[in-house]
Structure formats: C-alpha cells, structure tokens
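Each chain, letter by letter, is given below.
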Amino acid sequence: MKLKYILAGAASIAAISSASFAAEKITVVSWGGAYTKSQVEAYHKPYIAKTGNQIVSEDYNGGLAEIKAQVEAGNVTWDLVDVEYSDAVRGCDEGLLEPIDASILPAGADGTPATDDFIEGAITDCAVANIVWSTIFAYDTSKTSGVTGIADFFDLEKFPGKRGLRKNPKANLEMALMGDGVPAAEVYDMLSTDEGVDRAFAKLDSIKDSVVWWEAGAQPPQLLADGEVVMTTAYNGRIFNAAAGEGQPFEVNWDGQILDFDLWVIPKGAPNKETAMDFLVFSTETEQLANQASWIAYGPARKSSGSLVGLYSDGKTEMAQHMPTAADNLGNALVNDFEFWADNQDELNERFAAWLAQ
Amino acid sequence: MSDVSPTGPMLAADGTPLKKKLAQALFLSRVRAFGLVAPLLLFILASFIVPIMTLLWQGVHNNTYEKYMPQSTAVLAEWDAVSAPTEEMYAALVADLVTARETRDIGKVATRVNREKSGTRSLFTSSARSAAKMETPFREALIDKDEDWADIEVWQAMKIASLSLTPAFYAAAVDYTYNADGSFEPAEENRQIYVFLFLKTFAVSLAVTVCCFLLGYPVAYLLSTLPMRTSNLLMILVLLPFWTSLLVRTTAWIAMLQSQGVLNDIFVTIGLTSDDQRFSLIYNMTGTIIAMTHILLPFMILPLYSVMRGISPSYVRAAKSLGATNWTAFWRVYFPATIPGIGAGALLVFILSIGYYITPALVGGQDGQLISNFIADHMQKTLNWSLAAALGGLLLASVLILYWIYDKIVGIDNMKLG
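These protein sequence lines map, in sequence, to chains A and B.
First residue of the first sequence? That's 1 in my numbering, and the numbers climb one at a time after it.
First residue of the second sequence? That's 1 in my numbering, and the numbers climb one at a time after it.
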C-alpha cells in the first residue's frame, strides 16, 4: 500500500516538473576552443537568459562524417552544427541537412531585409552563415621582421626556417599560386588547368622539406609559440586570440588571405528542430553577430553588424581592424570557391597525399 | 538388467529404449550449453560480424546511381561505351535529373559520378536545376546548357557509376582505374598512393616488431629470472604505461621529442648538437616508430615473460654441465624454448601495428602516415566509404594471409599468449 502512494507521489511530481519546466534542451556542435567560447558568450548565454531553454555545447573537428552517420542510422542527436561552406553545400545536396527558409531571418538592426543584409553567399538552401573567417599566414615579431607579403612565406632564402601548413590541399594550393605571383582574381581559373595545379605543387615542393604540417586550428599558434616554425598559415581568429588574449608577439599578414564562411546547419531529423531553428534565427541577428566579434577576430556575416563591432573583451583592443573583412585587409584577398573544391577535392586530395608521401 | 532379452534393445525404467533416452538427455544438455553461449554469440554476430560484412559489401557494391537514376541506368547498360551517346540516353538522363532534383538526391548521384571523373559534380547539380524546363531534342538542350555533356568521358564515368556491383573501388585501392569497357589500367602516376602506403605500413610494422623484440626480450628475461617479489614490482613498471591512455602516452612523446623538447634540450646541453641544428625526432617516420614501439612493447613483454617463467633453469644448467658455453646454452637450449612466446608477441605487435591509427596521425607528420590514416580519412572527410571499405578489406585479407603463413611456419598451436 505504502509503495503505491510513493509511486503515485513520484509520478505526480514528475508530471508537475515536466509541465512547469517545458524548456527544451538543444545540442549545439561547434569547433571548440576560443571559437566555441565566443559563441557561448555571444549566442548561448543571451539565448538561455531570454528563453530559459538549455544548450548543450559539443565540440567536433569538422567534416560531415558524424552527421552522415547519425542521419543514416536514424539516430540524430545533434540539433545545430557549425560547418564549413563546402560541407554545408555537399550536406544539402546529399539530403543530410534540413532546408532552411531564409524568409524567417529577421531584417538587420538598420532595417535592411535579411537577404540583402547578409554578405553574398552567406545564405544557402540549408545553411545560414554566422561569421567570415580567413586563412592567413602569421609570424612571431620577436624573431622575424620585414615580412611584406605572401611571396615571403615561400622564400626560404630571405626567411630561413620551418613553415607551418595545414595538411590539406585546400588553401595551400591557392596560397602557393599567390606566393608565385598569381593575382587573387586569377587563382581558380589557373587551378582549373593541369598546368596551374602543376605550378601550385611545384611551388609547394620548393618548401616541402621545411614544412611542419598541422591539422587542428589550435596547433599553429602553439607551433609559433614553441619556435617550431618561423611562419605558419593559420585561422586568423586563433592568431588574434594568442596575440591579444595571451600577449604573444604574433602578427597576421593579410596578403593572400583566403576568406571563408562558417555556417549553421540543422541535420535532417534533428530531435529539437523547432528550437534549433529558433536559436539559429536568434544567433544570426545583427546584435549577436556583432557581439561575437568582441570575443574572437572573425567578421560577422551581416553587413549591419559591421558598424557595431566594438572592443575586444579585454576592453582596449579595437576589433574592426582585425576583421578579415576590414577594407585594409582586403587588398589581395581570395574568396574560397566551394564549387571548385566540391568538384575537384577527390582528385586533388589523392594527388596531395601522393605528393606528401613521396 | 536381467529382464532384458538378449536380442531386444536395452530399455530404461519407463520402457523407452536406453539409446533414445540417452540421446534426449544429451540433446537437452546441448541446448542448455548453447543457451548459455547464445547471448555472446548473438552479441558478436550483431556487433562484430554483421557490421564488418556490411562494410566489406560496400567495397564492391554501391548502388547510388542505379537507385536514383533508374532510367539512365537501364539505357547505359545497353550502351557499348564507345559509340556516341544517343538521343534516347540523353532523354533518360533528363528524366532522371528532374526526379533526382525533386527528391533532393541529385547531390548523392553527382558525388558518385565525381569520384569517377573530377569536375562532373557541378555539371550534374547545375544541369539538374534547369532540367525540368528542358525540351526535346534533349541532346542539344543538355549540350547547350553545358558542352561537357558531349564529352564521351563523362558518359563513360556515368556507365561505371551505374554498375552497382563493381570492382572499381578495389581497383582504386591498388592504384588501378576501372574503365567503362571493363578493362583495368594503372592510375595516373601522380595519383598513385595506396600500394606504396600498404608497403610502407608493412615495413613500419616490421620495424616496430623487431624493435619491440630487441627491447622486450632482455626485459622479459630479467623479469622471469628475478625473485617473484622484485619481478612483481618491476612488472608494475611494464604494466603502468600499458594501463595509461594511449593518447596521453603519444602526447608525452611529442613533448619529449619535438625540436624544442626535453630530449633535444639535453642533446644541446651536453653538446651533441648545436642549438640551430636540433634533431627532427618527431612528425616523421622516426617519431612514429619510437612512439609505436613504446606503446606496443607490453604486448611483446607479457607473452615472452609468461613463456620464460615456465622454462626450468635446470635446462640451461644441464647444458652447461655438459660443456656448453654460455652462448651455446642460450642459443641451443634456452632460445628455442622461448619461440612460442616470440611468435605470440611478434604476431600481436605486428597485427596491432598494421592497423595503428592514432599514433601515426599525431606524430607521423608528412611521411609517417600509414594506410589506416587514409582509411579514416575516407570515412571521415571525403565520405568515400566504398573506397575505405575496399582498403579495409585488403588490410583484413593481408592480416588473414599473414596469420595463415604463421600457422604454416610456426604453427598456431605453438603460440602462447600467457
């Protein structure tokens, strides 16, 4: 008898608590480190304060493999994922992502409709961009000085020492061509020909013996700090955080930078799709995007956020000049061509791997 | 017993023949035994055999094209892969493009064909976007949209993709291309990579096995000859790293070996090298072999130790009392007795290193990568699971062959794991 009452009591408590806390819990997946921190500060915390919903933050290392595995097994646990452009397009093509209706995105703070407010290409069928990031090269000013541009990165005579490069043909082939004197506007035309690819590999070959390869975004600042490399390619935000946040004497050289988007996508069959969509809309509003720039040096994907970008979280560094999209930094800049990579990555990956193993 | 007639069968107390009764009892106990094993058997089937088989099946079977482009598949099957594509083929293609676009499956098809011929992905996705508005003649309509549709190589790539049961992935896994006419030819020279990687993987595994043996044998000998108390204490030193996370041990090696690391600092301090010419000990083959040897060492020491413990010291003493030198006693008497342990240790270390993944990925740099890293790459990044399955299938086959050779030479019954 007693047990029955206890059970009934427990059941009613459970019923009450689930009714009064109807808040949802969504799983948001991103790249970890300083980047996830910037999202937690600028998106997650205000969203939790506003709606009472809970957000579980998970880290991953990019790529579609986990999303593909979850969708194909019919056991999707992620609600919202921060992906690279080529993955957003490919995932959409392969039916792994929920389509997103761009009309639900609110107008910018200055009243510009969302489709005009976002930088061109920032909204696709299945994804909405939040930031613009960039692959740049950086060096330690206490050990190296007089660097003028991307050509110096490939010049072992003028600047002897090891170079850090990402172990992936993406960005390296483009930078190799720019380092060889090809203007940014002609890079992809040239890479579409066999001679262009040969030329890029030949340029990489000229520094191959001095290269330290990195894979995770956190590695390049570490390689610089350890003195393992003299110069390294890196994501601009990581170098900025090491410089402004940890006081490392690192400097970014914007010549030959390669701009790219990071985008939010919702895996097909996400358990809390509605809430995820709600969070996606909230986080890509003008104010949230501008706030994120206070935590990491990635440019907001909305034009209306640009003027609101303020100081770094240390309260003294002006962020505007550290944005990849700042006018001064766009002198010789290349926008990553996802279409080129989606078409050619199989072949170039194999060739790159074969070249590495030689 | 006395009531049994000498000609009739022996009967049990209830009158049934004893033989039948016995069979019943045995059957019951067999069912019970099987019932006890069944959960494990089911578990292994469901979590091991079935997934492996499914994955291996993917290496020869990829029906993406056939599934989403049925009409085109049917006409491609009739095509001889040499003559110019007919209007009928173009019409079937357009019809399939329209449906695949509506069901959002066009990307899967495009990715599949793109694996056979780079650059065809955008050809498919962009043509599918405008396919619904196309009118006859479809040949002109498609070529008008993109002149690549006149390229016979695109059609040959589609024909290869349309064959669901295909040797193309296994061919690719050994650096060959499978052509639409059914022939094989070596892949372009600057894209050949997998045969080289398989050979390198075997070479590294062999080197690691030899290193483990050279380092592990004396340690195991020492452990087996010391008094139990001391050897147990030392055994903990062998087991402690064994119980430590693989990741921790690998990263510890990075801290030790990197050019600004502990070891290089010591070399500079004692004057073995100068500050600007530090040794490259990591992010290359050396680093991979050092770290893997350390991590796999216990797998060599433990079987050796258990075999050596069982060898009576009186054998060597007897040999010496018969006039053998130290070396002869060791080489002719002691060493042969340890061969089962060496076999077990070497086989364990070798097979584990063939499939080793995390350590080469972290410390391998550009030339310390092994075949498993590429399998992981195809699983995680390029999403070419069929090629990953083919590479994995070859790896599995080579392990089985090695096991078979081992059985022929040493005999698997001689193996002693502990």
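Just so you know, not all the hints are guaranteed correct.
Stated by the list, open to error - As a list, the in silico DMTMM-like pairs of lysine to aspartate or glutamate whose alpha-carbon atoms are at most 25 Å apart:
#1 B:K381 <-> A:E215
#2 B:K133 <-> A:D110
#3 A:K167 <-> B:D175
#4 A:K50 <-> A:D140
#5 B:K381 <-> A:D110
#6 B:K381 <-> A:D337
Keep in mind the hints are simulated off the structure, nothing from the lab.
**Asked** Looking back at the hints listed earlier, which ones does the structure fail to meet?
**Response** 2, 4 and 5
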